[in-house]
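Undergrad: Chain by chain, the residues:
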Amino acid sequence: MNEPILSSGVSRRAFLGLSGGAAAGLALAACGGGKSASDAAGGAGAAPTTSFSGTYSGPAVTLSYWNGFTGGDGPFMTKMVQEFMKENPNITIKANTVQWAQYYQRMPAAVTAGKGPDVGVMHLDQLATNAARKVIVPVDDVAKAIGLEESDFTKQVWEAGIYQNARYGIPLDVHSLAMFYNTDDMKKAGLDKPPTDAASYMAALDKFKAAGMDQPFWMPTRWPDHLMFLSLLWQNGGEPYSADGTKATFDSDAGIKALTWMADIVNKGYSPKNLGPDTEYVAFKNKKYPLHWNGIWQINDLKSSGVPFALAPIPQIGDRPAAWANSHNFYVTRQATQDDNKLQASKVFIDWISKKSAEWAGAGMVPARKSVRETEAVKNSIQGPIAEQIDNLHFLPPIPGVGDVQAQTLEIAVSDGITGKRPPAQALKEEAAKASQLMEANKKKFGAS
Amino acid sequence: MAAAVELADTDARPPGRARKGPGVAPWVFLAPYLVLFLGFVIAPAVYGFYISLHDYDYTLPGKPFVGLDNYAKLFSSDSVLFSDFWNSMRATGIFTLFSVPLLLAVPLAVALLMNQKFWGRNLFRAVYFAPYVLGVAVVAVLWRFLLDSNIGLVNQYLGALGLPDSVAWLTTTPAAWVSLVGVTVWWTLGFNAVIYLAGLQDIAPELYESAKVDGANAWQRFWHVTIPGLRPVLSFVTMVTIIASANMFGQSYLMTQGAPGQETRTAIYFITDTGLRNYQMGDAAAMSYVLTVALMLLSIAVFWIFREKERS
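Protein chains in written order, with our numbering: chain A, 2 to 450; chain B, 123 to 434.
What the hints contain is simulated information worked out from the structure, not anything from laboratory work.
Incorrect hints may appear among the rest.
Label pairs and their calculated CB-CB ranges [said to hold, decoys possible]:
id: 1; chain 1: A; residue 1: K371; chain 2: B; residue 2: Y254; range: 51 to 59 Å
id: 2; chain 1: A; residue 1: A114; chain 2: B; residue 2: F267; range: 31 to 39 Å
id: 3; chain 1: B; residue 1: G281; chain 2: A; residue 2: K210; range: 15 to 23 Å
All C-beta atoms in this analysis are idealised placements derived from N, C-alpha and C, irrespective of residue type, glycine included.
Could you put together the complete structure from these sequences and hints?
TA: Okay, here's the thing in structure tokens:
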């Protein structure tokens, strides 16, 4: 709590008078987006009415750009930003990288204080929350100018960026849960390809055991156990939350089945009990066990650790293939709308990076656009097998505040189920009831849509 | 200026004449501190109370007044917050209960040792104080890896010594409490030890000499000279330690993340989660006030205990 906020983003007033012809329209936009929230209480945040031309020819401008790329993905983003600045000398990007865990606490606070980002990257499942809080503004015009079309995206990524009929995010990539496996251990156990379903998965676990690896699949009790649970829930045909955002449904039979399977991995001795935070990841890096489920954003970090590994979609444990996924999306904040030059420059920046999403694949991600995803470079990358599975990926629905609800309820239920603190069914029932209560309160708080 | 005039006035009064009162002079001297105190303690406290009466989310336009609802929620068992809040208060209570006695006794022992004359004394004094200069993040991350049940050094060494090596230090209770209390004692004992040491050096050596002359043994000298001599220091250390322990946040936030379940999530941790992560600032402010009142009652009790002893 006592670390300083990293950004010293320049606070600014809107110098509307300076900008030329579109001033009238701008003034409107600035009022709608920029004034204190009570003025804008009505709609879903006023959409800036200016048109977006794709280029920026105004005076030199500095943009505050926030992201959370602290891992193996960071250097790629830094490189892309530098290239952008070389090509656009009158736009200076001041990047601020904050760990995702703190990002969503700091960002709304900083924007409210006028010291936040003008433009930034956030996760798909946070867009609705921040749109409801009016921290970010619609970017429909950018989507149009870049030529984003629904057909170029999977339906869920496309739809999850829309809140109350306006688009708030420009998708950059898709990243999902995947299964990493130690290729040396696979050879030792006599396995030539990774398991793909429940039966072959359990058979593989037993083969690893027979080859002397007593505990071949470590089950985390913290991050990312809830992502594993969500994946299995979807595989069993369940949904974590009702579509209208008023009720938690992760305690369905599908959910109980999913959590029971996870708890059984521990109970049957395939995993050590009560793992600490990150233990399973550090242990996998140190070649302690062969099968590990984690996000594909770990690819670069694993590469540098020297563990011999490959990647496959998570096996189909339920009756249909599914995996949890999320997506990095560009956004523009209310703060940027106070200065038209910043607003325009932000959009130019988003446009430029979005077109380079193939390069971003080097960071271990799967490009969001189909046209980029189906290039040879992406197909042949480590994450290639995941890119092919994109239609099986599931995203959290765009319900404001759902992330906070999940952290307080679903994540606790999953953790308790795995550690045996509560039986899976009871843990899910109790936490789902609580989640429903919180969602009901959120619905009231954010105003029913 | 007015102050200076006033001062001059008071000075000019002939001695013996009745003074009306101290005038503004004390206030002028107090002003620098008072401004800070009002600006950074009283004003936020009042504002916090105002927040606690509202359904307050600073990113949203509406912040409806809800009266004492936020407090009522904390005391009615059918609200969502009830069990979480009291679990977190319980966690804070457990931590305080076990860490305070250790943080009073162990540093005293260290201080007594460091007060002896022996070769390398300064080095040892520095060694015991060293962990205190580290930030909570450094301490917690360091110990998180050392205490990891599967890949940590602590279990590794225990195993090498033939002791049980599968204790989940961070993910099961009561082991997690042992870890949290142990790490906190290791981290902060230096601070209390330094204060004790200063107190010990304030005790006049003549007292020990005359006690010796009277035939008191080491234990009697400790009990009848050292402890009474340390009483004012002891009272200060007790208060400061209780408050510091009740405010424990970083260790469980970083080492156990509240695990198992939410058992080691302390009150401050829960307040932070509620207010800064979930933006339920009204609820968080109400909880802060409940915690504050609890701490005030505890402080009064401690004061009272030490006063009783002084009288007897």
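Undergrad: If I claimed the Cβ atoms of K371 (chain A) and Y254 (chain B) lie 51 to 59 Å apart, would that claim hold in this structure?
TA: The hint (51 to 59 Å, Cβ to Cβ) holds, given that K371 (chain A) and Y254 (chain B) are roughly 57 Å apart.
Undergrad: Taking the Cβ atom of A114 (chain A) and the Cβ atom of F267 (chain B), is their distance within the range 31 to 39 Å?
TA: holds (36 Å)
Undergrad: Please test the hint of 15 to 23 Å on the beta carbon pair from G281 (chain B) and K210 (chain A).
TA: Given range 15 to 23 Å: holds, Cβ gap about 22 Å.
The structure fails none of the hints (numbered hints given earlier).
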